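Engineer: Chains A, B and C, in that order, are what the protein sequence lines are. Numbers in my numbering are just positions in the first sequence, counted from 1, shifted up by 187. Numbers in my numbering are just positions in the second sequence, counted from 1, shifted up by 789. Numbers in my numbering are just positions in the third sequence, counted from 1, shifted up by 742.
These are calculated hints, taken from the structure and not from any lab test. Fair warning: this is a prediction, and the values are worked out from it, not measured in the lab. Treat each hint with caution, since some may be false.
List of simulated lysine-lysine pairs, DSSO-like, C-alpha gap at most 30 angstroms [said to hold, decoys possible]:
(1) C/883 with A/376
(2) A/192 with C/825
(3) A/192 with C/824
(4) C/824 with A/190
Listed here are the chains, written in short residue letters.
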Amino acid sequence: MTKRKTENGILSGVLWIISLFILIPVFMVVINSFKSRTEAAEMDISLPSEYHIVENYSQMMQEGGILRGLMTSCIVTTISVVALILICSAMAYVFQRRNTKMANRLSTLMVAGLVLPVQIIPTYFVCNTLHLGHMASAILVLIVINIPFTVFLYTGYLKSIPREIDEAAWIDGASGIQTFFQVIFPLLKPVSITALIINFMAVWNDFSVSIYFLNSAENYTLPLTVYNFFGNHGSDWQLVFANVAFASLPVVILYLLLQRHIIAGMTAGSVKG
Amino acid sequence: MKNNWGKKLTAVTLAGLMTLSATACGSSAEAAGGGAPESKDVETLTVLMYTDWYKSGWEALEKHVNDNADELGFRLEISKIQGGNQGDQVVKTKFASDDLPDIIQVYKPQWVETNAGQEGLNKLVDLSDAVDVSEYDPNALDGTYNYNGKLYGIPMDSIVLSGVFYNKQVFADAGVEVPQTWDELLSACEVFKSKGIVPVYYSAKDVWSVQPPAVTGPVIEAKNRGISTFELMNQIDTHQLTYTECTAFVDAIQKSKDLIDKGYVNETYLSDTVDMAHEALANGECAMYINGTWCADNIEQKFPEQSENIGGFAIPQDDGDNYINMFTPYSLCLTTNCKNVELGKKAMNYLASSEAQQIYASAQPGLYLNKNVKSEMPAATADLKTIMDNGKSMTDWEEINKYSYGNLGENVLDYYTGTFKEASDVTKALDEETAKSAEAMGDDNWK
Amino acid sequence: MPGLILFAVFFIVPSVIGLFISLFQMYGFNFASARFAGLTNYINIMVEDDTRKALYNTFTFAIVTTIFKMLFGLLLAVALNKKLFMTNALRTIFFLPAVINTVAVGLIFSSMMHPTKGLINRALGAIGLSALCQNWLTDPKLAIFSICSIEVWKWSGFTMVILLTGMQNISVDYYESAQLDGASEWQKFRYITFPLLLPAINNALILSIIGGLKVFDVVQATTQGGPGSATEVFGSLIYKSFGTGRFAEGCAASILLAVIIGIIVLPTYRFIADKEVEQ
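The following block holds chain A by itself, in its conformation from the complex (with noise of 0.2 angstroms):
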């Protein structure tokens, strides 16, 4: 046991030393968002020589409709990850399950999807025939677009959990409906956090949508507000800083709050027991 203890010790030590190479470029965002004007545009990893945290971020908060970015963005990614979650889960249950030809055809079809590149602009066309809004639009492409990947990574933890979990819900007379969502969607668990989380990232980030529907000053999310920040003020690195800080904050916060569940380590994990 003791010689595990030191084997422990010295791997958790290796990897202290390469999160470093993690670290480091992060904490270089951060540090730089606290410093004047001038030390920031050094870019360097040194401490500042005065603090402007609150000066820096109240400014960037002030300038560039930071607020209603994030209002946006919290409206536009809670729509499209709960959706996406709902929607495919159910899509990849179906899939897996059924081995006929059309839910095979489908699901070759959904791999394409991850293969095809988004044709942005006649998606573009398409929905201003439709007479949908823009942020409407918005939330509709954003779910489609991931909904091929979302699918794919349910598909494969499904393959992991047994037949006969469904068969006895089936002979308790569960309908297929109930099946899914009474026995199947809880054992999903792990794989809903994953998705939750990765949709969240890819939504919440986005560019190559938003850019196209959200880009006018009432629906502008906030990772596109940091493009205030460079036409503006060209060499305002510390509110680029803060705001690029600012941005990813909740994304961290919400991997923070859910990380536990997604491993929650070897011994709770299998599902087969």
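Since chain A is already given, all that's left is putting chains B and C on it; use the hints.
Structural biologist: Frame of chain A; chains B and C shown alone:
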């Protein structure tokens, strides 16, 4: 297990809602704090532009309009999108799908025609009967704002002149005079190099900034041919002339590389940015920087105490007959999507007036087209303006082309880094791109 | 199913429109000027010089990043599947780069990789290794590899999370019985973890290959395909076709890319899927 999962989801949703309500409070407070209460006959006009065009000038003008909305009868709501290729793409899509704001700021009406066709141009309202242009020199409006006999837009922002910006102190310390010919420039560079000062700063990390040294070429070509850049581009648009046949253009590209080969340019120029160039010039780490008057504006903003110390001159030619490029201000256009056209026209008339332009100019000093606008300008801009006033300037050719020629900056960098062997490979690449675009349009001149 | 309808309207319909447009010749969105062109757009792309360079860069990028993302992802996943001192903190740290948006990542690394002012070269100089200093993003030969390393930095932790999720499904019974048989750590990995993790590895691998071949944003955020066209990839080529107004050519290029990805990804996926074992 299921319960737990449900709880988590609720928690996340709740957290989301809390942030939402917090921001909602924030924004309503903001709205309440902002200026005069809206009265019934004040309508809001939506405006769209690129982020990099919204500077202190627009900021001041927007504030003025919205503070006086009651008297003016309109307010402005400005949306900004990122610039560059992607922003252009968004604007083109908006033209094609008829999803335009009331007012849009574009490079030029020609740009709309090139990218959205006659159909796109038809979505801009003719302002000839609505806007009083007596404060403008008709020659300055013709060909750009006044296009095909219609007034498609009004100038917004300042004129940009491009040339060489130099640090007067550095020149004086080295005992160097402002060079008039290319040879004089080279010997000046040699002096600076021997003193350990970077003679000319390049900032190729921002790809567009390698263009200014090269773009004088076609202007000199036009001068040599005794025509204007409009006529020169007309010949290129109709395939009577190619970029490669413009020997002065090839020569300018060649010379810009010579400076690198002779060691007159900062060694890390490929990683250096425009921002760094401003700093180097202001601090005297470099002697010269070739760019547009944006450079002078930026230095005035960031290093106000150095602004007087920066001067400007035209890129010297072999024969000393030197010209500068003039970039006309962007166009502000009224679109057919504006519900209340009369109000839109009234607003445009106001925005073109010396009153509105003066507010813009006071916040953002520079050179303005409106004759009644008085604005202080940085010393370097004033130097270049003198050259323009002497008739030694021509409208820049880059935005009056009919067909896209690709990315000049990128081709020039291919030449600097050895992918292209000859300066003429750069212009050949432009010609190939032009041919492709013309063919895509179905232009018979390229058959 | 609502999912399918959404998918059809917002994905399949636009794709078909895109395919249709790619067979025409037109400029901008000037639909009036459109003329049927058959495969002209496709031929135009294939004969272009830039395309060859872009293909080379795209494949280099996809191969290099896939190898390292998988390698680091797997190593991290195995290491962090143990109970260590502050495991959760470490997992969070390694996942952190995936959370930061690409524009910011480009910003960070452009400044860190500056030849004289950047952190990397200054650090190398400080420890006496200035011989290793490089023009990371501006040396035409090296730049694509520097971009690869940025991608690996950003996404290794993400691969780790996918693999860790997969590891949760491996029954602890296997390890217990292996323990009784006196199996070494390596044997446990080789005969239990690896085979049972294949579905997750397959997923991560496929995603990595697709991501690598579709790469665009990280290139755009760091070098924009430069210096010149040294780091041009297929994704940035498509972006430029659209940018120059040759819309149909852009559509054709993106369909071509999809075909290339399909040809590579589908057999790979099948190949590994065949080797998967049911638990």
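Engineer: Are residue 883 of chain C and residue 376 of chain A close enough, with their CA atoms no more than 30 angstroms apart?
Structural biologist: Not OK: residue 883 of chain C and residue 376 of chain A at ~46 angstroms, beyond 30 angstroms, violated.
Engineer: Between residue 192 of chain A and residue 824 of chain C, is the straight-line Cα distance small enough, at 30 angstroms or below?
Structural biologist: holds (11 angstroms)
Engineer: Assess, step by step, whether the Cα of residue 824 of chain C is no farther than 30 angstroms from the Cα of residue 190 of chain A, and give holds or violated.
Structural biologist: holds (15 angstroms)
Engineer: Check whether the Cα positions of residue 192 of chain A and residue 825 of chain C lie no farther apart than 30 angstroms.
Structural biologist: At roughly 10 angstroms apart (the allowed maximum being 30 angstroms), residue 825 of chain C and residue 192 of chain A satisfy the hint.
Hint compliance for this structure: hint 1 is the single one not met.
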